[in-house]
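2 protein chains.
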Amino acid sequence: MEMRDIDDLPKNAANYMALTPLWFLERAATVHPTRKAVIHGSRTYTWLQTYQRCRRLASALSKRSIGVGSSVAIIAPNVPALYEAHFGIPMSGAVVNTINIRLNASTIAFLLGHSQSTIVIVDQEFFNLAEDALRIMKEKSQGNFTPPLVIVIADESCNPKTLKYALGQGAIEYEKFLESGDPDFAWKPPQDEWQSIALGYTSGTTASPKGVVLHHRGAYLMALSNPIIWEMNEGAVYLWTLPMFHCNGWCFPWTLAAVCGTNICLRQVTAKGVYSAIAKYRVTHFSGAAPPPSVLAGMSQKGFRVTHTYGLSETYGPSTVCAWKPEWDSLPPETQARLNARQGVRYVGLECLDVISTQTGQPVPADGKTIGEIVFRGNIVMKGYLKNPKANEETFANGWFHSGDLGVKNPDGYIEIKDRSKDIIISGGENISSVEVENSLYLHPAVMEASVVARADERWGESPCAFVTWKPGVDKSDEQRLAEDIMKFCRSKMPAYWVPNQ
Amino acid sequence: MEMRDIDDLPKNAANYMALTPLWFLERAATVHPTRKAVIHGSRTYTWLQTYQRCRRLASALSKRSIGVGSSVAIIAPNVPALYEAHFGIPMSGAVVNTINIRLNASTIAFLLGHSQSTIVIVDQEFFNLAEDALRIMKEKSQGNFTPPLVIVIADESCNPKTLKYALGQGAIEYEKFLESGDPDFAWKPPQDEWQSIALGYTSGTTASPKGVVLHHRGAYLMALSNPIIWEMNEGAVYLWTLPMFHCNGWCFPWTLAAVCGTNICLRQVTAKGVYSAIAKYRVTHFSGAAPPPSVLAGMSQKGFRVTHTYGLSETYGPSTVCAWKPEWDSLPPETQARLNARQGVRYVGLECLDVISTQTGQPVPADGKTIGEIVFRGNIVMKGYLKNPKANEETFANGWFHSGDLGVKNPDGYIEIKDRSKDIIISGGENISSVEVENSLYLHPAVMEASVVARADERWGESPCAFVTWKPGVDKSDEQRLAEDIMKFCRSKMPAYWVPNQ
Numbered sequence: 001m002e003m004r005d006i007d008d009l010p011k012n013a014a015n016y017m018a019l020t021p022l023w024f025l026e027r028a029a030t031v032h033p034t035r036k037a038v039i040h041g042s043r044t045y046t047w048l049q050t051y052q053r054c055r056r057l058a059s060a061l062s063k064r065s066i067g068v069g070s071s072v073a074i075i076a077p078n079v080p081a082l083y084e085a086h087f088g089i090p091m092s093g094a095v096v097n098t099i100n101i102r103l104n105a106s107t108i109a110f111l112l113g114h115s116q117s118t119i120v121i122v123d124q125e126f127f128n129l130a131e132d133a134l135r136i137m138k139e140k141s142q143g144n145f146t147p148p149l150v151i152v153i154a155d156e157s158c159n160p161k162t163l164k165y166a167l168g169q170g171a172i173e174y175e176k177f178l179e180s181g182d183p184d185f186a187w188k189p190p191q192d193e194w195q196s197i198a199l200g201y202t203s204g205t206t207a208s209p210k211g212v213v214l215h216h217r218g219a220y221l222m223a224l225s226n227p228i229i230w231e232m233n234e235g236a237v238y239l240w241t242l243p244m245f246h247c248n249g250w251c252f253p254w255t256l257a258a259v260c261g262t263n264i265c266l267r268q269v270t271a272k273g274v275y276s277a278i279a280k281y282r283v284t285h286f287s288g289a290a291p292p293p294s295v296l297a298g299m300s301q302k303g304f305r306v307t308h309t310y311g312l313s314e315t316y317g318p319s320t321v322c323a324w325k326p327e328w329d330s331l332p333p334e335t336q337a338r339l340n341a342r343q344g345v346r347y348v349g350l351e352c353l354d355v356i357s358t359q360t361g362q363p364v365p366a367d368g369k370t371i372g373e374i375v376f377r378g379n380i381v382m383k384g385y386l387k388n389p390k391a392n393e394e395t396f397a398n399g400w401f402h403s404g405d406l407g408v409k410n411p412d413g414y415i416e417i418k419d420r421s422k423d424i425i426i427s428g429g430e431n432i433s434s435v436e437v438e439n440s441l442y443l444h445p446a447v448m449e450a451s452v453v454a455r456a457d458e459r460w461g462e463s464p465c466a467f468v469t470w471k472p473g474v475d476k477s478d479e480q481r482l483a484e485d486i487m488k489f490c491r492s493k494m495p496a497y498w499v500p501n502q
Numbered sequence: 001m002e003m004r005d006i007d008d009l010p011k012n013a014a015n016y017m018a019l020t021p022l023w024f025l026e027r028a029a030t031v032h033p034t035r036k037a038v039i040h041g042s043r044t045y046t047w048l049q050t051y052q053r054c055r056r057l058a059s060a061l062s063k064r065s066i067g068v069g070s071s072v073a074i075i076a077p078n079v080p081a082l083y084e085a086h087f088g089i090p091m092s093g094a095v096v097n098t099i100n101i102r103l104n105a106s107t108i109a110f111l112l113g114h115s116q117s118t119i120v121i122v123d124q125e126f127f128n129l130a131e132d133a134l135r136i137m138k139e140k141s142q143g144n145f146t147p148p149l150v151i152v153i154a155d156e157s158c159n160p161k162t163l164k165y166a167l168g169q170g171a172i173e174y175e176k177f178l179e180s181g182d183p184d185f186a187w188k189p190p191q192d193e194w195q196s197i198a199l200g201y202t203s204g205t206t207a208s209p210k211g212v213v214l215h216h217r218g219a220y221l222m223a224l225s226n227p228i229i230w231e232m233n234e235g236a237v238y239l240w241t242l243p244m245f246h247c248n249g250w251c252f253p254w255t256l257a258a259v260c261g262t263n264i265c266l267r268q269v270t271a272k273g274v275y276s277a278i279a280k281y282r283v284t285h286f287s288g289a290a291p292p293p294s295v296l297a298g299m300s301q302k303g304f305r306v307t308h309t310y311g312l313s314e315t316y317g318p319s320t321v322c323a324w325k326p327e328w329d330s331l332p333p334e335t336q337a338r339l340n341a342r343q344g345v346r347y348v349g350l351e352c353l354d355v356i357s358t359q360t361g362q363p364v365p366a367d368g369k370t371i372g373e374i375v376f377r378g379n380i381v382m383k384g385y386l387k388n389p390k391a392n393e394e395t396f397a398n399g400w401f402h403s404g405d406l407g408v409k410n411p412d413g414y415i416e417i418k419d420r421s422k423d424i425i426i427s428g429g430e431n432i433s434s435v436e437v438e439n440s441l442y443l444h445p446a447v448m449e450a451s452v453v454a455r456a457d458e459r460w461g462e463s464p465c466a467f468v469t470w471k472p473g474v475d476k477s478d479e480q481r482l483a484e485d486i487m488k489f490c491r492s493k494m495p496a497y498w499v500p501n502q
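Listed in order, the protein sequences are those of chains A and B.
Going by the numbering used here, the letters in the first sequence line up with residues 1 to 502, in that order.
Going by the numbering used here, the letters in the second sequence line up with residues 1 to 502, in that order.
Think of the hints as simulated: they come from the structure by calculation, not from any bench.
Here a beta-carbon is modelled for each residue, glycine too, at the ideal position from N, C-alpha and C.
A partial selection of chain A residues facing chain B, derived with a Cβ cut-off under 10 Å:
id, residue
1, V345
2, I380
3, V381
Below 25 Å or equal to it, Euclidean Cα-Cα: the simulated DSS-like pairs (lysine-lysine) are:
id, chain 1, residue 1, chain 2, residue 2
4, B, K188, A, K11
5, B, K325, A, K280
6, B, K188, B, K176
Excised from the complex, chain A in its bound form (with noise of 0.2 Å):
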């Protein structure tokens, strides 16, 4: 159709932006200067100190060459300088590598090379991790490898010989590297809004984790869907007991901002950390993984209110959401743990979800009953997998991204897994591929078949599970002890989270 009158008027400086969740933290610092933004211990910064920091980190990371095009990696359990990352490192134009803690050093290793950091922030109670995974990648590299400037973050917790270990190795000290930067950085916002803003790491069906690239446009949407779906006011007081390195935190950094909240850091996560943070900063809302029916029910009796929501990297972190119905109130607490379990509608950033055919493609009818594959469409759904058109092209076939998650679409609407076409275990939020566990199994010795499961676990939601069949000749006769060697065996190859337990 022509172009008419009513759509000739073209975007100008004025009234077309990129968008992104950066300019939520100056628009924090500039109406609630003085509000508590980040809480760790007894260290409290402001959103006004919160941006100073940020702008800092950008500044200090441009005088070393990092700039659009860059990845800055981090890892980091939740302490400040990881929030700070998620706008710092951005606001430099760069994106920010959040690497899961729990790791082993040869994933790392293999997550620094592939994304190619140049500088790799630690909290000193990982620098030994970080150390050991240089060390593999020096190794491996044949005598062609640059190592990236390490910044190391020491807080009160620290102790002081690590640190002096640590820049004795010439490592930065983070506060250091902040103070090299300049409070007033004109920091550059985004040019376009597909520019990428974040890369995590997932663990998929295969030994190479995929690089989950995400772009500053969803990071925004997403942003502004959290605080409806959750019922987020302004100035919410947000509990980090989801790992900001996990999918980034479900985009949180970034909404806190937009609703100039507080941010509660936790280095560990006891239950003695959550209830004290609870009563003395009077959380209003905490995260974490999918808990099994019967912690739902003791924290509902405990005055939680549960909202149970659905999705993966790919999608910014959840991007379903199992919407409470009022007409659920008065159904007995069974059926309302059976409705409330199911994956649900989509977020309200999502245009489509819907669970589709493996066989032809086409959505499945809304029974309850026939298993389909579910997949998402929209504008939280990753740019794609960081140099991977392989994997690119299968999961973006058809115009669809594909989970890989196998469900059923309820008469209600309400989708619901039933299974996974990938062969993914999920322990406490977190991917643990069974093939991969499978592999490594096969390189023991005694081993001649190796079947890896997920197990229910009262505490984790998953577990790995590992079945095995013996080599002949393999002395059976202390099957227990054989068990215990094969566990043994595993944690030298893998993050303890993945070793399979009796």
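Starting from the known structure of chain A, fit chain B onto it as the hints suggest.
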């Protein structure tokens, strides 16, 4: 800088879609099909029904050749059809052109001609007004006039004679029109989020109103900003005291779908109607024009929590908010009132707000004294004025949208209006052009000189006040009679609320 791997991931059908608030309606109908979406007197429509009615409307319009590039006008108070128009018209690809019911026939004739609306939906109460407007259009057309199709809305308040008359004139009844449409119509989301969604006319300093064109992207972003600014949670109950024809009800029609809330329509805003609705439907939110401090104080005493916002049709409605700070809680009421009367800080969906020198174009210091023009930049700034390149050039000069309002920036960053550079009087939230009123006064045979200014008004905030001098020879013995004669004269030339009063 070179494009690197991290940014080299193209858009595809699964991860990029045009932003539009229309998806919110589809989602509300899926998630809460039986929840009340729109209540109007004894009539109630659920979200599923509302979605079906909007699809019928889009379908019926499509059958009449309405599509991308078309404008459909609607002249109605806050009745369900006006709510539906905000979805059904854009779902056909067209632009919804909401018309202020308080305008006179000649102004409406101008608007209908300027917007090239080929279909006009009109509430029965305003059928005669529309008829008069069309007659004026025909008279001025010099025989080259194709009358638009008229759809008449007839609810329970409708006089059967009016309806019969309208149908006799060739109008189609709105419900009949919907029946001609398909409730399962495959509406087409916009291909480009820059596509226009709404057109609304605003009174400026010159005789011709300017047509403000808004796009799907901005409407989406504003719809998601509102819940954060107004602390509007899922299932909010919104009372329509603000006319939906006024800046598209500040985008609240789309916000209500995003939060799956409930719209309470009021044909006429009366104290009884407002209080009854609050009691009956447990209203959580309503909006209106900024009241004078005396009214604000009274509302506060009655338990209303007032959020003060400011904006223009050109910024999708309010795009600044006087964000309340907890530290103001303990201040004396007069100080609170003074602080909260300021225009404040930018909306979360607006990227930049400033006060700039009208001489240098540079930001004024945040001293609360230096006056400059309030300017906006970002994604909730209009596309531009329809068919008005000169006005667009001026209003978008130097990368800012120029509001025409003069103000200061306070030391806390909050902006505050001090004066208007444009001669606009804002009465009950609607703009009145003082120049246009003056121009009419000059047409009166007794008037020598005329000057129209804003007068503080207990009820309307401002009302127009005229100063005149008489021509030589005018009998000044009865000035009261002269004044009454002039007011009568004005009533024939302009909307009733524009008429200066004593």
